[in-house]
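Note that the protein sequences, when read in sequence, are chains S and H. Taking the working numbering, the leading residue of the first sequence gets 107, the next gets one more, and so forth. Taking the working numbering, the leading residue of the second sequence gets 2, the next gets one more, and so forth.
Treat the hints with care, since some could be wrong.
DSSO-like, lysine-lysine: derived pairs with alpha carbons at most 27 Å apart [unchecked claim]: (1) H/Lys108 / S/Lys212; (2) H/Lys108 / H/Lys136; (3) S/Lys258 / H/Lys132.
Because the hints were derived from the structure by calculation, they are not lab data.
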Amino acid sequence: MKLLLAHIILPAGLVLTTTPALLSAAEITPDATTIIRFEQRDLGSEEQNLIPVTQYLGLDATKLADGNLSLHVHGWGRVDLDETSYGDSKNSGDLSYGYLRYHIAKTDADIRAGRFFVREGIVNEQVDGISARTDLPFGFTLSAFGGATVHKQDLNNENSDGKGDYLAGGRLGYRYKGLLDIGISGVYEDEAPTLVNHVNGSNRKVGGDIWFSPHRSFELVGHTSYNTETSEVAEHRYLLNLRPATDLTISGEYSDQRDQSLLYTWAMFSAPRINPDNKARLSGVTVSYGAAKPATIFLHYKHYDREAGNADRYGGDLKLNFLDNSLRAGVSYFYLDADDAFAIPGTASASYHNIRAYAMHDTKSYFASVDALCQLFDEDIRNEDTAYEASLSLGYHLTPTLALSGDISYGKNPEYQEETKGLIRLTYNATYATTGGKK
Amino acid sequence: MRALHLTATTSLLAGLIIVLASCGGMKSSPDKFSSHAEYLSAGQQVSCKECHENELKGTMKSMVSFSHTPVFVKSHGHYAATEDRLCASCHKDSFCNDCHASRSEIKPSTLYGYRPDREMPHRGDFMTLHKIEGKLDPASCNTCHGRSNNERCSGCHR
């Protein structure tokens, strides 16, 4: 499948984007971001100096051929100019996605071929393969995908990342007017490889999802997933939104998770070895007022109930915007009140306050932002009772699509006694100007 | 190794070519439909229901369900799981990819350091905090780092 992707689909896409007959009405929007980072870390016993250069590159070519074909590509590459920033190599890269899409308007159907992400009900995967989705008569929808698993870096001391080689899945949905959308979905992956130092499991799940809104002031959305390998429900996750007044949303959320079944394919932590009795119940309430208004207020509370102990998190955000959205600011605060069972080994408490404030100004010529974040620990962590980071960013729009910016930040925290970071960023994005376009 | 080197070098060259090419032929921004979603400036939000009373074509769901309130932003995964085609009417795949990459090179809040208004995970010193938050809600880590995007985890978790 990777050969198919590397030698057929992507080259075919590039040919399509460069063939004059197919390009007559095509819209091609490239975007690129070049980032040169300068980082100096004081690790106590040694100092690290890093200068990684990272190039992000994306391309969207639409209205190809008969107008229904499009090509979408995005990836990045990195070269270290000083010490190795991560791992054993001074360079790295990744193709995030690269696929051809054909759209059939009559049934709102899509066919994709290449590397892409699948988000269908309880399924969230990255695939080198083919997917198709269409509306059916009487409110039904159907989607299916299949192909090779996208393998990433091998696990430590293993010759595998723990995933099976092939996977397939899909979703069957049903919609009734504007009231109900329900679906069943699943994924079946090839048998997971046997690992030497880890224990992993095969990625095989089924589940159902629902969106129910008998009135626009009431909305229930959520899903339940079932792990067919452990023969147990992995997770219930639901959200209830009530909108009693314009711009006011009161929400309640609840999730019930069985760790072993939900984290079953997480080989890094040998998830199949997790105690089957480990469960978590998360419940919370949020209140949100204002959207697209000069001020937006968000208050939240969440309760964590785990086998190891309990915790509560509560706080609020205030977001402001002025001058036709060119001036934006915000402050936020939360306090995590957690049982000592969640504390970092060697420390006495897991509770901390989190405070943040930011402001930014974006004009047609320049843009600037300041951002400050601070954590106040109830008990010292590595002899530090506080962690903080302050950042300043300044930039200039060289053209409507091209911007040059630089960031600098300084922080102190238990991990790094001092951390100074800077970067230079050159961003080209054709969709931020001219005909509008997707962001 | 050579393939990675080639990918990185090619990406850098291609990026520079595009950047240089962009210096010519710029067009002015349109002034019509200035409030419509695809014509908004980056980061600008509007309330869809100010103009649209009816349901969203194709989804048969009311506009109000997709207003980008703080609640929506924090729970967008529920909606993306069944309506990612609607998301795609305003957002490129790369918008999701900013955070939901299967292999991420730069922390999103660093990549978009000039956009502190965006909801980005792991701001500041998350190296310390993840030792608390990871025990509290491992499923939230697993969502993005479970089977992919876990290179950084493997540095310590052996």
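For each hint, the structure was consulted:
no.: 1; hint: H/Lys108 / S/Lys212; verdict: violated (41 Å)
no.: 2; hint: H/Lys108 / H/Lys136; verdict: holds (21 Å)
no.: 3; hint: S/Lys258 / H/Lys132; verdict: holds (24 Å)
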